[in-house]
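K.L.:
Here is how the chains run, residue by residue.
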Amino acid sequence: MEEAIFPPSAAFMKESERERLLIRQYLLGELDENDQEQLEQRVITNPDYKEEVLITEEELLEEFVSGTLSMRDLESFNRMYSSSPTHRRKVKVAQALNRYASEHSPVVQTMVQKGRRRSLIGLFSTKRRFHQLSLAALIVLVIGASILAYWLISHPRNPDYDALLKLNQFGSELLQPDSSLVPVALPALVFRGAGEPKTITITKQTKTVQLWLPDPSGGAYSFRAVLKRNDGSEVFTLEDLRARQIDQHAVLVLQIPAEMLTPQGYQLEIFEKRPDGTFDSPSTYSLNVAATP
Amino acid sequence: MTENWEDNFAALLTWLDPDPEKAGRKYEEIRHSLIKIFEWRGAYDAEELAAETISRVLNKVPKIVKNYEGDPALYFYAVAKRFGFEVLRRQQARVEGDLEKLAAPGTDERNDREPEYECLDQCLAQLPAADRELILSYYQQDQPNISFRKELARIHHLEPNALRVKVHRIRAALQSCVNKRLGKPK
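Protein chains in written order, with the numbering used here: chain B, 461 to 753; chain X, 25 to 210.
Pulled out of the complex, with its shape left as it was, chain X reads as follows (with noise of 0.2 Å):
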């Protein structure tokens, strides 16, 4: 990394936000986002078309950052736009006709023994019991079931949504551990 490089990304987080901790969770819930928006577009390697967003955003800082007003995020939002958003359409034109079918659902049986469950299974075991607990409850059923959930929502003194929450939070480190034990996409 060269000092230029290093002077400009601090230019950035202070651009972000004057106190270091936190313009640092601020740059990170960017990078999340930009990596999230992608994907829901298609991407191929979303982590990689966000690092090159966020670099191109870098270089650019020291002109920007003076007479740049409103929320930096969407300046970078905008650098997204016009660069990856590009790619993206050149992406899917070349894969247009390669597409997998996905499974049916309900339909494999296979699935146990397949890397995904092999490591659900161990990544439920590192979960504090009452959340591990809690997901499979609310994922028990073959189909989601309203009432089922309110009443669980009840058992665990939550409001409906509150549990819709915290079921994401334990779903969303479910799904990273899995991501990081199985490594990238293939």
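Next up, chain B with everything else stripped away, as it sits in the complex (with noise of 0.2 Å):
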């Protein structure tokens, strides 16, 4: 059904409404001269008012991406937006990324293979998205519980591991220098092979090692660091870390408990995490760690 040609009435309307009504029709070409510039010079005065305006035009191509624009809306649209290369893009960028999110969403996709979801009727049959995100979160959770329940019954729980995962979770705290602490900096990560083993001597008071490898990407990658010892066998495995910015440097920093070292060789690989979830051959460093009374 198409919409009514006026707008609803203002005095039903919050002042918020009005206002992005308001910046609707100017996006789609409807307003006066004298309106559109009225609108313009606040843009130009108010970034916040400008932020509002570009929201709503990607609320506006978001409309026309999904088919829920208003015929009449539709035709404006149409009109305003293949007059120049810079919205035609817009509008391909927002096509792209609606497609992008209905094939990567990041719960559904696990449950849902591409280009079967639709032939999983009996699963999946609803049309509302939230119905069907909510039953995929569910199986997940299902799942989930039941790996990490047999995980922890074929794991006994190991306390300096769960520490190392606390002090390089997303977003822990960088720990500051005193004598616990033993900063360690090594060669930035395309750095490859194992090269000369770098020396970390620990004492009675050291309780953290912290390894500094810059990042040369700026922290765009997320990697995977794997502790070996020399003859092979896994101290830990650490997934999904990001670099931290520090003085305008990306830095992935390594915070590990010293109880999990002992005096002996070891290599550390630091695999960078490709976009398609696979991952790059690592950058090796050895290490040789001493101990001192």
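Treat the hints with care, as some may be off.
[Stated by the list, open to error] To give a feel for the contact side, a few chain B residues facing chain X, derived at Cβ under 8 Å: (1) Thr505; (2) Leu514; (3) Glu518; (4) Lys552; (5) Val553; (6) His564.
Just so you know, the hints here were simulated from the structure itself, not pulled from any lab data. Heads up, the beta-carbon is just placed ideally off N, CA and C, and yes, glycines get one too.
Relying on the hints, combine the two individually framed chains into one complex.
P.N.:
Written as structure tokens, this is what we have:
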């Protein structure tokens, strides 16, 4: 059904709704020159207002892409957004984002193979995505809980590993230098090959070894870190590590409880995660841990 | 760049704000606003029109700064209106019969092979994981759904409008990344 020609009565609309309607009319080329100029003067003098116009434009693009614009708005939209290459680019990016999100949504993707979603009629027949999402999330939770239960039974808890996770989780505190911390600077992450071993000396006071690895990508990627003893046995694996911004440089900082290290040789491998989820060949560092009283 | 241009630019920044840092930010805000306004009016090359507007303001700066009252941004707008909107009207008259019809929503199954899609994939990979998940969750529905987004805002401990702004900022970064990778639209 086509929308009413006139906007809803201003008396029944909140101020913010009136603003959005005005902005929408501007973007659809439906304001007269005088109102256009007033709106543009607010845009150029008030960054918050400009942001509101930009958000409304995104919402308009989203409605176009999802096919929910009224006939009248669609006509205006087509007239305005086919008029310049920049506008056409915005439409194409909105279409790409819409498709990408429906194919790669964080929860649904884990449950439903791309291209097979519509064939799973019995499971996902409802048209309401929120319900689909809830169902998918529930199934993921049940599977996840089963895996977790199995893992907990088969892997007794290791307090050092718990501490390691806590020290390196996203947003964890960057420990500041004191007598209990041994900071070690390693070559940047483009480094390949084990190279000369770096000696790390720990004392009785040492609680944490902090490894600093500059990230030349500027923090664009996530990493997996694997620490192995020289005999090949694994000490730990950490997933989804991200560089921290320190003094305008991206640095991957690994904070390792000293109790996990004993005097011997280690190999540290850092794998960069590619956009498709696979890993690049690792940057490898040779570490030699020595202990002094 | 001539000495005269540099003097005028320095005078322009002082006019915008005595604090050089704030002046620089205000200059960038004005430039960005001009580009957006030209885009919304359908300009073929909004950046060039904004640059020409700024250049015209620069030439006038020595004469106007002493007596001008009010927000300098409005002076830029007045110049854009006098010069740029006229150029736009001429451009639009020229290309009126040449409009490319936009692809109807939901009908283009080839999008995943298009460069925008490929670039988006690469640009999304550069986002922090939390931002990537948020924007994909926000746009995962075929149709915008208010209750779903309210729920999403609740999960992220945000007011619905704060979520809107946050998603917009992530999306603006994505659009900018895609534009950089694809170059200027043809």
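K.L.:
Take the hints in turn and mark each one as holding or not.
P.N.:
For each hint, the structure was consulted:
1. For threonine 505 of chain B, the interface hint holds, since its Cβ comes within 8 Å of a Cβ in chain X; the closest pair sits about 5 Å apart.
2. Taken as an interface hint, leucine 514 of chain B checks out: its beta carbon lies about 6 Å from the nearest beta carbon of chain X, inside 8 Å.
3. Residue-level restraint check for glutamate 518 of chain B holds (minimum Cβ-Cβ distance to chain X is 6 Å; threshold 8 Å).
4. Hint status for lysine 552 of chain B relative to chain X: holds, with the closest Cβ pair at about 5 Å, below 8 Å.
5. A least Cβ separation of about 5 Å between valine 553 of chain B and chain X falls short of the 8 Å threshold, and the interface hint therefore holds.
6. The beta carbon of histidine 564 of chain B comes within 6 Å of a beta carbon in chain X, closer than 8 Å, and the hint placing it at the interface holds.
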